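*Asks:* Chains D and H, in that order, give the protein sequences. The first sequence maps to residues 1 to 445 in the numbering used here. The second sequence maps to residues 446 to 758 in the numbering used here.
Since the hints were derived computationally from the structure, they do not count as laboratory data. Here the structure is a predicted model, which means the values were calculated and not measured. Incorrect hints may have been included.
As the list claims (entries may be wrong) - Calculated pairs, DSSO-like style, for lysine-lysine (alpha carbon to alpha carbon, straight line, at most 27 Å):
#1 D:Lys431 x H:Lys472
#2 D:Lys430 x H:Lys519
#3 D:Lys401 x H:Lys507
#4 H:Lys507 x D:Lys240
#5 D:Lys152 x H:Lys519
What the hints assert, rightly or not - Not everything, but these chain H residues come out facing chain D in the computed CB check (under 7 Å):
#6 Phe500
#7 Glu600
#8 Pro605
#9 Ala606
#10 Lys611
#11 Leu707
#12 Gly721
#13 Phe725
#14 Asn726
All C-beta atoms in this analysis are idealised placements derived from N, C-alpha and C, irrespective of residue type, glycine included.
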Amino acid sequence: MLGKVRVTAAASVLALSVLAGCSSKPAEGGPGSGSSPNSSSSSNSEPVTITYWQYSFPAKVTLIQKLIEEFQKQNPNIKVVAQDFPYDQYNQKVTAATNAKNGPDVLNLYYGWLPQYVQDGILQPLPESFMSKADIEKYYIPMVKESQIDGKYYAVPTAVRSLALFYNKDMFKKAGLDPNSPPKTWDELISYAQKMTVYNNGKLEQEGFAPDVSGQGYHVFEEVLLRQWGVTPFSDDHKKVLWNSSPQGLAAFQYYMDWFTKDKIGDPNFNTDYETAFKSGKAGMIIDGSFAIQSLKKDTAAEWGVTTLPTKDPGGLKSNFGSYWVHGIAKGVSGKKLEAAQKFLKFLISEETQKTWLKEVGELPAAASLSDDASIKADPIYGPFVSGLKDAHATYFVNEKDERQAIIDKTNEIILNKAPVDKTFNDLVKKQQEIRDEYFSQHSN
Amino acid sequence: MKRVAPESPQMRSLLRDWPNRGSLESKRALTAYTFLAIPMLFFLGIRIAPTIYAFAMSFFKKNGSGFTLYNYQKMFASPDFWHALTNTLLYVIITVPSQLAIGIVLALMIGRIERFKGLYRTIYFLPYITSAVAISWVWRLMYDPNNGFINAFLELFHIPAQQWLKSPSEALVAVSIVIIWQSSGYAALISMAGLESIPKSYYEAARIDGASPWQLFWRITWPLLNPTLVFLAVTGVIGALQTFTQIANLTGGSGGQAGGPLNSTLSIVVYVYNQGFNNFNLQFASAVTVVLFILILIVTILQMKLINRTYDY
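Extracted from the complex, chain D is given alone in its bound form (with noise of 0.2 Å):
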């Protein structure tokens, strides 16, 4: 008997061995260890490290880079770590490391994951003593607003964005376009890539303009069609979903629609994507944002313009999706750390990042006071983004992986198996109020 328990002592004694000789690695400066009691007690020289996590957008981790070292030159009691995930696993990370008390002290996110990330309790509300509800109100133009949750924000973003019409000019010529006149309605747009599509043997070769819904397309269709046929999308209070509220939102959908059943302009999975079809010149107008600047100027060989998007009638309702990515504050982060990420926070939004964000990134500075700055409007890039940026409208996501799925399964319906529309496109509101309704029976705004 008691050999056995000296046996079972034994192994004990190594089995907590092994353990603490996983666990006695210093978590120097890690993550989520800001709680620590003695972490507020202890002299102002003591150097603080945050970590800052974002999703691998190439012009972004450089750019951020460059920044931190600059605010560290400003700081140099404060270092930052950033990390960088590849998108499609992005949140999956943040989630993990946050529930295994691993996550990091400052992360970016897009602005309609909030509401999923305050409920996952991954964020905390910005302090106060950071910025109060007015200053930020104040300081950001008026599509930030979107970003609070049940009242409060729990980030800010550095820049924002819209989306243009991006064209090939050397398509426009060569299917005997003007390349200097962009179409300027959406029945000009469509005739236009007629002209410019080449099927070969059912097979599409070249397409005049890409139809896309899960990328931007389908805030093309909330925002733009929907708005410029006369319907708005959602209640003011967002909790109704109002597509079908009058047949011309019907109207819409089956324009919408037309572009990937009748119009035959165009393959949604062309060439992998719009983005990459437009780069190997086998795409002659594409929706993006001006997020894609940077990288269709370096990948493109043809010559491109770009163009505010197309209305309904010659000189009709300009429209246009705004969007945003947010840097918040990490949960649980706390005392010297929670002091740095403020720090670090406030430099990531101040005027002067916001114009380098511009140079480096091509997302358009939030700042209120930077949105009529007359250089940037006059750019021939940046400037249709800028004045697209004063018809935007930033959807209100309560949960836009689910929002995004569900059209991107209604509309696979109609495309695939060409499912009827207008019953099809009540069925997606309805599912569209489902997702609200059950994020609101949590919620009060």
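Start from chain D and add chain H according to the hints.
*Replies:* Frame of chain D, contents of chain H only:
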């Protein structure tokens, strides 16, 4: 166990007696236990504990507390779950018999030839040891409706372009083809080993008795190869029930979730992944895993019955 303080009399006597007590055997056992403890800890921590945790988690609601069958109710009411289950069974029905049949034919053919035997064996086995991710992406490019190789090839025979992975009615078959192509080489290799263990003298005797090649196959090869085939079938079924990599890489990314278009290629594991790691509903995903666990358990019990069966020839 009673806690003993380091300075307690019991502990002191235990430590004092440590080197003298016990025989050589118990010392040996001690060493063995010590070495076993580490992998055991690892096994408990990495496999057993999470499994139990997942079981427990399936009875809780996301952001809720208290025991509930909500996840199971939601799962059985969800058309997506049934879609995933049907698809998974379809994967089993389509891929397992095909890879077995192709495997046996390949093994018999390779068994017939004398020269370049090793070369053929290597070539057919290569897909199996190549990364499934790499293979899936190459096939994905080949399946591309507009500039993929397969449609270009079909065009030579004036067959119209197919949508392959983009079509809800063709995608499951397209994914199955990749799986079959990849695992047939494995079936061939194992069958070849099975074939070589059949004594040549049986065939010689049968030939002297005037048996036709057809009879040789059905009377000698088939029954003697049976244990190999049962093994291949069972491992094949378990593999097919767990299909994930090919589906995720052939249909995921570029916008939609893996398992598309319209869930036509969704398998149970992909469903678990989407629920757990895209929607972050780990509780619901655990409930689906429990169902998969039961499915595989049934297959494993059948496997025990079949493999331990004695064969009478």
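*Asks:* For every hint, state whether the structure bears it out.
*Replies:* Cross-check of the supplied hints:
Restraint check: the Cα-Cα separation between Lys431 of chain D and Lys472 of chain H comes to about 68 Å, which exceeds 27 Å; the hinted pair is violated. Between Lys430 of chain D and Lys519 of chain H, the direct Cα distance comes to roughly 19 Å. Compliance with the 27 Å bound is thereby established for this hinted pair. Only pairs whose Cα atoms come within 27 Å are accepted, and Lys401 of chain D paired with Lys507 of chain H is accepted, the gap being roughly 17 Å. For the hint linking Lys507 of chain H to Lys240 of chain D, the alpha-carbon distance of about 25 Å falls within 27 Å, and the restraint holds.
The suggested pairing of Lys152 of chain D with Lys519 of chain H is violated, with an alpha-carbon distance near 33 Å, which exceeds 27 Å. Proximity of Phe500 of chain H to chain D is violated relative to the hint, the smallest CB-CB distance being about 19 Å (cut-off 7 Å). Evaluation of the Glu600 of chain H hint against chain D yields a held restraint, the C-beta minimum of about 6 Å falling below 7 Å. With a cut of 7 Å, the hint placing Pro605 of chain H at the interface with chain D holds, because the nearest CB-to-CB distance is about 5 Å.
The beta carbon of Ala606 of chain H comes within 5 Å of a beta carbon in chain D, closer than 7 Å, and the hint placing it at the interface holds. Given hint, Lys611 of chain H at the interface with chain D, holds; its Cβ is 6 Å from that chain's nearest Cβ, closer than 7 Å. Against a cut-off of 7 Å between C-beta atoms, the interface hint on Leu707 of chain H holds, since the closest Cβ of chain D lies about 5 Å away. Given the 7 Å rule on beta carbons, the hint for Gly721 of chain H is violated: about 9 Å separates it from the nearest Cβ of chain D.
Hint on Phe725 of chain H holds. Least Cβ distance to chain D is approximately 5 Å, under the 7 Å limit. The criterion of a C-beta within 7 Å of any C-beta in chain D is not met by Asn726 of chain H, whose closest approach is roughly 11 Å, and the hint is violated.
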